[in-house]
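Participant: Once you've looked at the hints, dock chain B against the given chain A.
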Amino acid sequence: MSAETILFDAPGPRARRRHAGIAVLGGLLALGLLAWVLKKLADKGNLTADKWSPFLRADTWTEYLIQGLVGTLKAAAISIVLAGALGLLLGMGRLSHNTALRWSCSVFVEFFRAVPVLLMMIFSFNLYAIYQVFPSEQLALAGVVTGLTFYNGAVVAELLRAGVGSLPSGQREAGLSIGLSPVQTLRTILLPQALTAMLPAIVGQLVVVLKDSALGFTITYIELLYQGQTLGTARANMIPALIVTAVIFITINYLLTVFAGRIERRLRQRGHTSGTTPTVPGEAPLVAMPPGALGIG
Amino acid sequence: MADLLSKFDVLGAFWMTIVLTFFASIGSLVIGTVVAIMRVSPVAIARTLGAGYVNIVRNTPLTLIIVFCNLGLFVNLGLNLANPASHTFIVDNNIRLGILGLSVYHAAFVCEALRSGINTVPAGQAEAARSVGLTFSQNLRYVVLPQAFRGAITPLGNTLIALTKNTTVVSVIGVGEASYVMASMIEFRPDVLSLIFLIFAVGFVILTLPMGLVITSMSKRLAVKR
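These protein sequence lines are chains A and B, in that order.
Using my numbering, you'd call the opening residue of the first sequence number 1 and step up by one each time.
Using my numbering, you'd call the opening residue of the second sequence number 1001 and step up by one each time.
If you're looking for bench data, these hints aren't it; they were derived computationally from the structure.
No experiment lies behind these values; they were computed from the predicted model shown.
Do not rely on the hints blindly, as some may be mistaken.
[What the hints assert, rightly or not] Looking from chain B toward chain A, a few residues come up when the C-beta cut is under 8 Å (computed):
(1) T1060
(2) A1123
(3) S1171
(4) G1174
Where a beta carbon is used, it is the ideal one built from N, C-alpha and C, also for glycine.
Chain A on its own, in the form it takes in the complex (with noise of 0.2 Å):
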């Protein structure tokens, strides 16, 4: 954030030389606080270099940690497109002239939201597992990929209907009076430009997904967490462990939500949607907002 924020004057002497103060007491505070943290790692011995050292071993990462990372991954992209698809299905169902087509969508986004994504993987792992749909080695993808599609097909759902909200209602008079039919109309010129309009904070829900999938680890499914908390018990070094797990994790996920930002603006830029991503109407906003802040899992 720049100084152009209007929450406060810009600082004077006196003020520059409190901000000041109050920067070298919190930057000492926060280094104190770091130390504090480093040596009480340090008393339980997390900061020795046989604690770290496994990760300059290339076992480490091609039995552990990459293993990880794939399995993360893999459940991610196919949740992602079937819960894309699935929200496209759901989001022009409610979208629908069909009163009953429209309801029983409603209820099913509105259902799959409420349930948490831990409980539909738990059920449908075991679902799976008594009914014998997938063979033994598949269960626990099959399982997070099915809590992790029909929760973000809901949420795909639900940012297509505020989508196709945002557009001015001539988009679709326009195409009404032109002869097309109501599906037509939706197909051909609404959905495009929500979809556009969507499309950042769709990339966010990607965060959310990869967060997500982390819940694999409850049902036993192999992936980055789970490798990293083996990885932490087979070398003796849970905390390295989990701090190692947590960074690559952090590090895929910013730059998810880096190149959501960039989307947006380029979208912006370009102007190829009557659709605007929402943002709170009216004046110049006081905080500079990143897309898809408000997402979350």
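Facilitator: This is chain B only, laid out in the frame that chain A set:
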């Protein structure tokens, strides 16, 4: 179904979910408000620290945070949040570690919700406050934040609903809330799997649906009329 409910403590499980939600929502509201104030403050280092907190926490899976609270903070670093002499120590400690993890995670979202609430306050309000000589903290306390909280009811409420659902993650460290009890029920009665899932799914619908309705009506009622 009656014998399922009498044999397993489903209500107790949901009570634990509510307890976790209650304490974690207070914790995350406190931490989130502090971080939000840091992120809009005139001191650059506070802004950086606040933004760093949000970016790190928001991009970490909640499951990892909860596992770290147990294996890292408790097992490795020996952080005790309950009386070690008490015979319910493990249970109490895990509940409190879970609340800590949930609070830390959702604070990042509360912070962003509050910042979006600050955006609903017209710039003229903050400018007027400055022009009558209010300092930054007075400006926040008397003018901006009271309106920001009211404007942030919807995103704050969404965070609360997400928090309610996310309490299920605490089952990974063995807290006996809804998903933990559901998993153990399925283990004993796999023959009625779908019924068990339906009971818990409906339980969460019952918990979150009224929340959504109350939030919608509150956000309309409390919104500052402009």
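Participant: None of the hints should be skipped; say for each whether it holds.
Facilitator: Structure-based check of each hint:
For the restraint placing T1060 of chain B at the interface with chain A, the shortest Cβ-Cβ distance is roughly 5 Å, inside the 8 Å limit, so the hint holds. This hint holds: A1123 of chain B has a C-beta 5 Å from the nearest C-beta of chain A, less than the 8 Å allowed. Interface hint at S1171 of chain B: satisfied, since its Cβ lies 7 Å from the closest Cβ of chain A, which is below the 8 Å cut-off. At its closest, the beta carbon of G1174 of chain B sits 11 Å from a beta carbon of chain A; the interface hint therefore is violated under the 8 Å criterion.
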